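Asks: Sequence:
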Amino acid sequence: MKFNSFKWIIILSILVMNLNFCQKCDKVTIKGITGNVKQGAVVETENNEIYYVEGLHDWGKNIGRKVLISGCLKKIKHVDKKENDNQIIQTVDNGIWVEKLIQHPKWKFMDK
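Numbering of the sequence shown is given in numbering that gives the first Met the number 0, commencing with residue 0 and proceeding in unit increments.
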């Protein structure tokens, strides 16, 4: 019986992983300039919007270059972190900040 239970756990795990991969995403293409911040590599647009690049820690020698990047856009909402007594221990602009993350990124440099 133990093997059958384990087999079903594996099958369910595979199904859940497939569901995560099949989720639709907002496909975007962004033009901007490469840059690095503490959290990793970013692309900054003409409108001063910042897009984080999934899986890329920095641009290395390619910092400051014009880039065309595409992928799935994931928006992550950040809010002030508070302790139990409602005291703010970490704050962001206006209490809310939306991180724009480009997942599964593909890019090409436009200068050179």
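Rather than coming from a laboratory, the hints here were simulated on the basis of the structure.
Keep in mind that the hints are not guaranteed to be accurate.
Unchecked claim - Subject to a maximum C-alpha distance of 30 Å in a straight line, what follows is the list of computed DSS-like cross-link-like pairs (lysine-lysine):
(1) Lys65 - Lys6
(2) Lys73 - Lys6
(3) Lys107 - Lys23
(4) Lys23 - Lys60
(5) Lys60 - Lys6
(6) Lys37 - Lys60
What the hints assert, rightly or not - Distance windows between CB atoms, simulated:
(7) Gly59 - Ile9: 19 to 27 Å
(8) Ile49 - Lys105: 17 to 25 Å
(9) Leu14 - Ile95: 31 to 39 Å
(10) Trp7 - Val97: 19 to 27 Å
(11) Phe108 - Asn46: 14 to 22 Å
(12) Leu14 - His103: 20 to 28 Å
Note that the structure is predicted; figures quoted are calculated from it, not measured.
In this text, a Cβ means the ideal position worked out from N, Cα and C, and glycines have one as well.
Asks: Against each hint, give a clear statement of whether it holds in the structure.
Replies: Hint check:
For the proposed pair Lys65 and Lys6, the alpha carbon gap of about 50 Å is over 30 Å, so the pair is violated. This hinted pair does not check out: Lys73 and Lys6 have alpha carbons roughly 33 Å apart, beyond 30 Å. Of the pairs offered as hints, the one joining Lys107 and Lys23 holds, with about 24 Å between alpha carbons and a cut-off of 30 Å not exceeded. Taking the CA atoms of Lys23 and Lys60, the gap is near 34 Å; set against the 30 Å cutoff, the hint is violated.
The suggested pairing of Lys60 with Lys6 is violated, with an alpha-carbon distance near 48 Å, which exceeds 30 Å. With a C-alpha separation of about 17 Å, the suggested pairing of Lys37 with Lys60 holds against the 30 Å cut-off. Distance hint check: the CB atoms of Gly59 and Ile9 are about 40 Å apart, inconsistent with the given range 19 to 27 Å. At roughly 19 Å, the beta-carbon separation of Ile49 and Lys105 lies within the given 17 to 25 Å, and the hint holds.
For Leu14 and Ile95, the hinted distance range of 31 to 39 Å is satisfied, since their beta carbons lie about 35 Å from each other. Take Trp7 and Val97: their Cβ atoms lie about 39 Å apart, and the range 19 to 27 Å is violated. Distance hint check: the CB atoms of Phe108 and Asn46 are about 20 Å apart, consistent with the given range 14 to 22 Å. In this structure, Leu14 and His103 meet the distance hint of 20 to 28 Å, their C-beta atoms being roughly 21 Å apart.
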